[in-house]
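Okay, so the sequence shown: first residue is 1 according to the UniProt record's numbering, each after it adds one.
No lab work stands behind these hints, which were simulated from the structure alone. Heads up, some of the hints might be wrong.
Label-pair ranges, simulated between beta-carbon atoms [what the hints assert, rightly or not]:
#1 Glu11 / Ala39: 18 to 28 Å
#2 Thr42 / Val16: 13 to 23 Å
#3 Asp14 / Ser49: 28 to 38 Å
Note that the structure is predicted; figures quoted are calculated from it, not measured. The beta carbon of each residue, even a glycine, is placed where N, CA and C say it ideally should be.
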Amino acid sequence: MTAAREPAEAEGWDAVTTRGLAVEIEYSRPALYDALYDAMFTHLVDLASATEEAPRRSGRRSASCSRLTRKA
1 MTAAREPAEA
11 EGWDAVTTRG
21 LAVEIEYSRP
31 ALYDALYDAM
41 FTHLVDLASA
51 TEEAPRRSGR
61 RSASCSRLTR
71 KA
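Work the whole structure out from these sequences, hints included.
Right, dumping it as structure tokens:
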């Protein structure tokens, strides 16, 4: 996150690129994409699980939550 935050604070979020991040953290761009995908998927599954456990107003489980928790 520090690698993204520094250029964002200095020049705005438009200055943050995958190429720049990969160079900064010494990853190849494909390795960076894999790491970002894994992190996002993990957080989405965590969010879906938390949503599943939270009290629901309608009593129904959302279809998107069902798909995410099944893959975990």
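Verification of the supplied hints:
In this structure the supplied range 18 to 28 Å holds for Glu11 paired with Ala39, their Cβ-Cβ distance being about 24 Å. Range check, Thr42 to Val16: about 21 Å between beta-carbon atoms, so the 13 to 23 Å window is met. Asp14 and Ser49 have their C-beta atoms about 34 Å apart, which keeps the hinted 28 to 38 Å range intact.
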